[in-house]
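**Q** Here is how the chains run, residue by residue.
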Amino acid sequence: MSNVMNPEQIHEIIPVDKLLFEVMKKKEAGLRLSQICVAYVNEKYELSYTFADDDTYQYSLLRVVIDVFQQVPSICKVYPYAVFYENEMAELFDVNIEMIDVDYHGKFYRIEKEAPMLPPGALEKKAQAEEDEKKRIEEEKQAAIEAARKAEEEARAAEEAKAKAIAEAKAKAAAAKAAAAAAANNNEGGQN
Amino acid sequence: MGKKSVVPFGPQHPVLPEPLHLDLVIEDEVVEEAIPSIGFIHRGLEGLAEKRDFNEMMYIAERTCGICSFGHGLGYVEAVEHIMNVQVPDRARYLRTIWSELERLHSHLLWLGLAADAFGFESLFYEAWRIREKVLDIHEMTCGGRLIFSVNKVGGVLRDINADQQKFILDQMNVLEKEIKNIAKVFLEDYSVQSRSKGIGVLTTKQAHELGAVGPFARACGIKNDIRLTGYCAYGELDFEPIVSNDCDCYARLEVRIKELFQSIDLVRQAFAKIPAGELETKVAGFPKGEYFVRI
Amino acid sequence: MSLMTFKGTMLSNLFKKPVTTKYPFEPAVYPEGSRGHIEIDIDKCISCTLCAINCPSGAIKVDRAARTWEINRFDCIQCGYCTQKCPKKCLHMEKGYQTPGAEKFVAHYDRPPEPEQPATPAQAPKG
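Residue numbers (numbering that gives the first Met the number 0), protein chains in the order written: chain U, 0 to 191; chain C, 0 to 295; chain E, 0 to 126.
Because the hints were derived from the structure by calculation, they are not lab data.
There may be inaccurate statements among the hints.
As the list claims (entries may be wrong) - Here are the in silico distance ranges between beta carbons for each label pair:
no. : chain 1 : residue 1 : chain 2 : residue 2 : range
1   : U       : M23       : C       : L44       : 30 to 36 Å
2   : U       : E45       : C       : N245      : 51 to 57 Å
3   : U       : R109      : E       : E93       : 39 to 45 Å
4   : C       : L44       : E       : A27       : 55 to 61 Å
5   : E       : D62       : C       : V24       : 52 to 58 Å
Model, not experiment: these values are computed from the prediction.
For each residue, glycine too, the CB sits at the ideal point set by N, CA and C.
Okay, chain U solo, but in the shape it has when bound (with noise of 0.2 Å):
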């Protein structure tokens, strides 16, 4: 009998930041990229990175569940090869993936619908997300800008209060210094 090598397939689920460093740590192993593919699921994209050890014959998945406005970093600097599959998943499902090598900016197969393996009525949902996004975060960088001048005045008016106070305390021990010496003073007459 030939030596059967099955071992299981590895699943892995991970967040999309850390997509560049568990893909050079694939390809440090000597890891074969097998292909990369993509779901439209739950209003959510869900990216399979697929490698293969062409030794052990361990076949192992990163899987990679994202929004569908959010910028996915492209691994061709990693896996020259990885170039068809990324501008396929940009071209039929409208992924944002930046940074790919040779970018066909939606012309790699001559199609006439856009996105046409998403269900319909999902790119102007993706549409809206992105405007949505857009809005929350400029909101959100407005929120911060008010809360850093209202932080600004309070520390303004802080310092001010500081300031007056010390400039009452000065005044005040002051006016005490100026009364004891009247009133040494007084004392040095009556004793003369």
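Following the hints, position chains C and E against chain U.
**A** Chains C and E in isolation, oriented as in the chain U frame:
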């Protein structure tokens, strides 16, 4: 400095390289750039899988490619069976292995014929395809179709190979072995073939690994990787070693494929010696729910 | 490395008859079990329309009320799924492919008319 013009060249469909369209940027009869457009074979069949019954999808998955149609159907059916936890009976597994190897015979003979045509040896091209016709006749006798088999089903296979057909196939294997030996001599020892293939088109092992090469191409570049060793269908019970060459050139690719032809004939004989009698399919109830990745 | 390794095959091929058949002047020979086209035994059909619903290419059309069964042989992809789905097993595949033509046409089959029902006692005139 001449004017540049863009000439659309295509889409053309030579048999083995799937349809391709090139936009040639020409300046005074010299081609400066060739911008490819690919993906004409992509017809959205994966999207169709969302709309069709999962049993019916097997016939659609098979029609992805004409040369490797059994592989596509088998991959789809194995994935669904794994998701639904269906145990395929032994006889069905062996039959699938036999048809898989028969398809490998026809596919390698097609490639060898086209390689001979590419370096101008047209008689050798026709000789290889004449031998391939014998394999296609076996396909039609057992499955009903020359290239599209339509014999897989979620849970097993649809047709059986009876004793007469088995005897005929084993006799044909003897005939094929003799004829392939004849053309193997020409491919591997002829002076004009060697001068057109030795040292030509070198892809080093490191480059092949960087570019993600798979299959016989990678095996000819020194990467020892044969997915049949993961033991799908009945390959776990058959005896074979992956065929690897370290030369990394065109000649190595010819050599690997010719040796794999002989290995396929041997695997068919081994499978027929070991095939058990039994059921052809398991009854399947319900619908698949889940995900799985299959490699063929 | 040798020169002219192909000469043996070339010389023997010069004196053999051609492998190809002179189709259409000689008939084409298909092996048994070849999936050529669909044939129906129309007497057994019950117009359940399962074959039409399950056909991957939509080549079969069944009219329940008119008791007809139609197939567009040019659209048929010869997969044989309808033969598996038919509950009465009245469909089977025969060898011989549909010959090319200038336009697509539909092969039409009519079921035999419903046999006359004998008059039931309730319908007999009373009295």
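**Q** For each hint, tell me whether it holds in the structure or not.
**A** Hint-by-hint comparison with the structure:
no., hint, verdict
1, U:M23 - C:L44: 30 to 36 Å, "33 Å, holds"
2, U:E45 - C:N245: 51 to 57 Å, "40 Å, violated"
3, U:R109 - E:E93: 39 to 45 Å, "41 Å, holds"
4, C:L44 - E:A27: 55 to 61 Å, "31 Å, violated"
5, E:D62 - C:V24: 52 to 58 Å, "57 Å, holds"
Of the numbered hints stated above, those contradicted by the structure are hints 2, 4, listed in ascending order.
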